[in-house]
Amino acid sequence: MEQYRPRKARRRPGAVLTALLLAASLVMGACGSGDDDASADGPVTISWGWWTNTPEKDALYRKWLGTFESSHPNIKIKSEFLPWDAYWDKVKTTTAGGNAYDVVGLCSCFAASYFDNEVFLDLKKFDDYGGSVAGAQPGPVGVFGWQDKQYALPVGVSVPLLGYNKDLFKAAGVAEPDPAVPMSFDAFKEMAKKLTKTSGSKVTQYALHPGSINFWESLIAMHGGSMYDNFVGPKKVTINSPQGIAGLADYASLFTEKIVPPIDEQRENQWLNGDLDSLRTGKVAMARVGPWNFADIAASSPNIGVAPLPKVGNELLLYSGANGYAISAESEHPKESWEFLKWMLKTENQVEFAKFSDVPVDVDALERLPEFITPTEFAPTLLASVPAFRPGLLTVQEELGKDVGLIIDDLGRGKLTPEQAAAKIEQKGNALLAQ
Amino acid sequence: MTMVLKPRRPGRRWWRREGVQGYLYISPWLLGFLMFGVAPLIAAFLTSLSKANVFRTIRFVGADNYKKILTDDPVFATIAKNMLIYVVASTVISIGLGLALALLLHRDFRGNHVFRTLIYVPSLLVGIATAYLFKQVFQGGEVGLANMFLGVFGAGPVNWLGNSEQPWLALVALILVNVWFAGGTMLIFLAGLKGIPPAYFEAARVDGAGPWQMFRRVTLPLLSPVIVFNTVMALIGHIQVFETPLAFANNGGISTGNPLGYENSLGTFVTYLYVKGFVYQDMGYASALAFIMFAATLVLTCLVLWFARRFTAYGDSERN
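Line by line, the protein sequences give chains X and V.
Under the working numbering, the first residue of the first sequence carries the number 1, and numbering increases by one thereafter.
Under the working numbering, the first residue of the second sequence carries the number 1, and numbering increases by one thereafter.
The hints are simulated quantities; they were obtained by calculation from the structure and are not laboratory data.
This one's a predicted model, so the numbers in the text were calculated from it and none came from an experiment.
As a list, the in silico DSSO-like pairs of lysine-lysine whose alpha-carbon atoms are at most 30 Å apart:
#1 X:K258 - V:K135
#2 X:K424 - X:K258
#3 X:K424 - V:K67
One side of the interface only, derived from the structure: several residues of chain X facing chain V at Cβ under 10 Å:
#4 T95
#5 A96
#6 I263
#7 Q270
#8 R413
We put the beta carbon where it would ideally sit given N, CA and C, even for glycine.
With the sequences and hints as input, model every part of the structure.
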C-alpha cells in the first residue's frame, strides 16, 4: 500500500525556499545599514546638519561649506537644513538610534542632555585639539564644555540686538537710537511709549515685540541679581532676591505700560513671533535681530536699523546662546569630521561665516569685524554688544527653561506679581533641579 | 511495475510538513510582528519600570513612574479630566451627528449621493492638515471663521485658543473639530441602514407605526451592532487624539509656548506622552503613560461593550 504524502508538500520545494528567502530578506532588510559612502579610494562623504533660517542664508551657508570642500578635495559634505523643531527631533532620534549626522549642528540651548549622555566625541582626545582652539575666545568654547570634556566647539555667538523700523520712528517723530551707546531702561521706555499707537481702545502698533529675547534674565543680572547660581549646569535657582524681583518688575512694566503686545496676542498673526518678521509687518517698531539677520536686512529691508538693547545701571548684560558643532560618537568618519571643525575655527573661515551668520568666536576675526560686516553701519552696535554676551541656561532639566517661561508669561499677563513670580520660579525650579 | 515508496523517518525534512510550511509562508509577517510589535512592547514595558531618557536607561525604578503618575502628578490629573470631557463629548458628536446625517441621507431624494460625498470626503483629510485648518478657523480676533460666524449674531470675538482667563474654551474648540469627521461614522451607519430589510419597515407601517416608532422599534435595534462598533472605534480614536491639540496649543512648534495649552487645558494623553518623552526626554515616564493610556482604553472599551450587551441585537441570537 502506497504511503500517503501530501501532494502540496511534496511538489513545492521552490515555494518553501521562496518563503525562507522572503523571511531572510525581511530580517536582512530590517537590519541592514543604508550606508551610501564613497569607495575606499574616493572622497569620504560626511553628513552634516543644521537648522534652516531663510533660503538666502541657507544658500550662503552652502557656499561656505563649498569652500571647505574646495580646500579638502578628499572630503565631501552631505548637508541637510531642516526647520528648527524638525531638526531637533531628527537630531534627538537619530542620535538615540546611533545614526546621527557625522557633524551635528548644535545650539547651546539644547546641548546639555547630549553632553550628559556622552553621545558626542570628546574633542580633547584629538592630538591637535589644543592648537586648534588657541585662537578662540574661551567664553564661547567653555559653553560647550561639560565635566572636563569638550563635546562641541562654537562656530559663532548669537548676540541679540535691538532692531527697529526706521519708517515707524520717523512717522512717530522719534529720533533713532544711538547705534553704539546703550540707552538706559527708563529712557528706552519713554521712547517706546511714543511708538505704541492706538485707535480708540484698540492698539494698532506696538513699540516692541519681545519675541525670544528672554530679556528678564538680563534685567535681573543688570540689577545685580541672577536667575541661577550658575547658568551652565545650575544647582539652584536664585531669582527670589530683591534684585531678582526688581528685574522682574522692570520686565512686567513693559506689559503694564503697553510697550509690548499682551502675552495672549503675541502669538497671533497680527504681530507675528517677534524678530525680523515682526519688524517687517510695519506694526511693530522694535524687535530682536542679530548678525544672522544682517544679510537679509541688507538684501531686502533697508528700513531696518539696529541699536544695542537698553541697560540698567552701568553695564549691559545679554544672556544668549552660542552655536557650534559636535561629532557623533557613532561617526564612521571622526577624523574627517574633526577636519571640518578645525577648518571652521580658522580666522579666514570665521570671517566668511560671520558675514552671513553669528559673531565669530575667533579673536582675530572678531577684531576685524568692522572691516567685513555688512551693512557696515551695523558694526558699532555689534562691537558694543559683544562684550555683554553671557551664556544662557545649559541644563539637563529641559523642563526648567520651559516652566520658567510659563511663569514669566503669567507675570506678563498680570496674574502674578514680581514677588509671586520670583517665589514660584524658585520653588518650581529648585524642585526640578533636585531631581 | 509498482513503485514502492519508502516511508520517511520521522523528523527528517521537517520543513516539508504542511504545518511548518504554513508558518514559513506567514513568517515575513510573523517576524515583522515580533520585531516591530511584540519586541517594542516588551522594551516599552521594561522602559516604563526605569528612569530612562531617549539615549539610555539610567536605572531600574520599579513601579515608581506608575505611582507618580497616578498619585503625584497634577498635570496628569488635569489631563485625565480633559480626556474624560473630550472623549465623552466627542463620541456623542461622532455618533449623534453621524447617525443623524446617515438617517437623512438614507432617504431617497435627488442628489443625496452628492451630499454623502461632500460630507464624507473631509474626514479623509490627514490629521495635521485638519489641525492647521481649524487653527485658522478658531483664530482669535476678527479674522477666524468661528468668530466671523459669531459676529453674524452680534457675539464675540472669542479668544478660543490663547485665552488665559477661560482656558476651557480651547477644549471646546477641540471638541467642535469632531463635527468635521462625522462623515466617517455616517458612512458606516449608512451601510448598516442599507442592511436592514425594507420588509420590517413595511410591516411596521402596516401595523400603524409612525416615523418615530419605526426609528425607535425597528431602526435602532437592528442598527445596534453598528452603533456599538462605531462607538468603540470613536472612543479609541478620541483617546488617541494628538495632532489637533498640539497644533492648537502652541505656535506650530514644540519650542514655543506650552505644548499642553495654557494651564494644560489642551493636554491629552498622547500629547503629554509626547512632551514627556520627546521634549523633556523622560522616556521611562512616557512609557508608563503609554501603558496607563492602554489600560484606560481597555477599561472604557470593556465598559461600553458590557453596557451595550443589554441593548444590542445580533440577528436571531440577540441578548445571548
